[in-house]
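Got chain A sorted already, so can you dock chain B onto it with the hints?
Chain order of the listed sequences is A and B. Per our numbering, the first sequence starts with residue 1, numbered consecutively. Per our numbering, the second sequence starts with residue 1, numbered consecutively.
Calculated directly from the structure, the hints in this document are not laboratory data. Values in this document were obtained by computation on a predicted structure and should not be read as measured data. Glycine is no exception: its CB is placed at the ideal position from the N, C-alpha and C atoms. Do not rely on the hints blindly, as some may be mistaken.
As the list claims (entries may be wrong) - Among chain B residues calculated to face chain A with C-beta under 8 angstroms, some are:
{"#": "1", "residue": "A14"}
{"#": "2", "residue": "R29"}
{"#": "3", "residue": "G31"}
{"#": "4", "residue": "L40"}
{"#": "5", "residue": "V43"}
{"#": "6", "residue": "V51"}
{"#": "7", "residue": "D57"}
{"#": "8", "residue": "G71"}
{"#": "9", "residue": "A74"}
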Amino acid sequence: MMEFNQLDMRSLLEGYQKKQFTVTEVVQASLKAIDLKNPKLNALLEVNAEKALTRARALDADISKASEKKLFGVPIAIKDNILVKDWQCTAGSKILEGYRAPYTATTVQRLEAEGAVIIGKANCDEFAMGSSNETSHYGSCRNPWDLERVPGGSSGGSAAAVAAGMCPASLGTDTGGSIRQPASLCGLVGLKPSYGRVSRYGVVSYASSLDQVGPFSRTVWDCARLLEVLSGADKKDATTSHLEVPPYAARLQESSLSQVTLGVAPQWLQGVDADVKEAFDRSIEQMKKEGAKIVEIDLPRTRYSLSVYYLIAPSEASSNLARYDGVHYGFRAKEFKDSEQLYNRSRGQGFGKEVKLRIMLGTYALSAGYYDAFYLKANQVRRLIQQDFEAAFQKCDAVLVPTSPSTAFKLGEKTDDPLKMYLSDIFTLPVNLAGLPGVSVPCGLDKKNLPIGLQLIGRPFEELKLLQIAQAHEKIQGVLRLP
Amino acid sequence: MLTRDEVLKIAKLARLELSEDEVAFYQNRLGRVLDYMTELKAVETSKDAFVRHVPLDAEPFREDISESFGGRDALLKNAPALEEEGFLLPAILESE
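Chain A extracted, bound-state conformation (with noise of 0.2 angstroms):
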């Protein structure tokens, strides 16, 4: 038999075209491999078998007009913070235990509607707060290429189902780097949109400015069609934009690299890690080779980053989270006097430790007296780092820099110390913050045997060139084999 689940999107979709496999047994061999290998990573937290099977025999008996869709049969996961109707939700949260989702995101109805099986709902850290998922409530997610190692996070589930081969795409949220750094830690593409291109009808809301959906797939075409069926504008979510979305993966052969210009940041690369800094190095000198201008460039702000985002984002948490109070849905505590008991214990139990310090932090950082030091400075800074993209950008088509600084990191090694998590976000961070489009692929492993990733930044809405860009690094390098 063949090994269906081996094979990532465009392999699927021209075996469907050819008749080669359906979708059932596609889908058997996703389920399988899911039953398989899911006790082991607890990547995915709700699989229904019934529904997957149902969907795809379905589009069996419509499978003459496979080539008519654009993700015919192909089986995907999702993130645990996007809503699919009747679908859990729990944002990797124990105050959202049980909570069935009672529509689709716009972004869900999208990929159903060009012909995609939902296979599941991926693990996360909670509420997408964390870079390991080790924050999630339904316990750690584990990465696949070393089972004692984290998937990275927060989309860790999305990533852990692609590279374990339970499904060749899948779905996430990136609010300061949860598509790109767990993409990087498990050897696969994700791309972070730009602010605006995808809708975030149907998210479960982190920090608004800066939540972005995106897909997780094995190789650069994969995320180039998963993109274009995601983008575009939504009257459901009035800050996407209207800009026309191109046909990505139709046109990723249009350019070649020794038509772009490269930008790197020397002072970025400081207290990256050896393996990741050869890696970086390596890819760079390919790209040359193969005609790309190389330019240095400078991003002096970026350096304030962590604290600008670690100010913005848990402000606007905390009054995003404020709608959990344990009356209209979700987790209520069992003993109480009065309303206010019923609100603040149902948080102070349903909230795990992160998030509860985040509220906190934003609470702290929007509070009279404290507001102008530090949201509105943070604010401030924000457009400063904006600033000295728009200034690398005058120089250079595309900014390359390691996804992370280090590869996967083990699981419980980074939890007792804040900062020393958040700093393996510390290159995807002020991509959220411009509001950027930025992808991660695959560049090579480490001396462990570990996934290191490559990040390409781009301007705004140019996520054509940054794909291109990307598809052609994919051809220097291969794609990457699954674990």
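Chain B alone, transformed into the frame defined by chain A:
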């Protein structure tokens, strides 16, 4: 470093009931993170600088047309406590 009272005040504003252990824990953690953030004080910024994060062509305004949601039962099913079709809450007014 934050005082214990400051942590309690923030927790009150944030509507979070904390245990004694948690108060000590957050006093330490919040203090450590906020200390780090004081680095921003040194950055020169102009007063009117503010990020516009929404794309220029996004449309914040739309026609004010109501649509029926149709998921009423699904919403009620998620309620932790119901009385008939209402969300059940402790009494706000004391009975005479």
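Verification of the supplied hints:
About 4 angstroms separates the beta-carbon of B/A14 from the nearest beta-carbon of chain A, less than 8 angstroms, and the hint is met. Because the smallest distance between the Cβ of B/R29 and any Cβ of chain A comes to about 6 angstroms, under 8 angstroms, the interface hint for this residue holds. Checking B/G31 against chain A: minimum C-beta separation of about 11 angstroms lies over 8 angstroms; hint violated. With 8 angstroms as the threshold, the beta carbon of B/L40 comes within range of chain A, its nearest partner Cβ sitting at about 5 angstroms, so the hint holds.
At about 5 angstroms, the closest approach between the beta carbon of B/V43 and any beta carbon in chain A falls short of 8 angstroms, and the interface hint on this residue holds. Because the smallest distance between the Cβ of B/V51 and any Cβ of chain A comes to about 5 angstroms, under 8 angstroms, the interface hint for this residue holds. The beta carbon of B/D57 is positioned within 8 angstroms of a beta carbon in chain A (closest approach about 5 angstroms), and the interface hint is therefore held. Interface restraint check for B/G71: the shortest CB-CB distance to chain A comes to about 4 angstroms, inside 8 angstroms, so the restraint holds.
At its closest, the beta carbon of B/A74 sits 4 angstroms from a beta carbon of chain A; the interface hint therefore holds under the 8 angstroms criterion.
In summary, the one numbered hint that this structure violates is 3.
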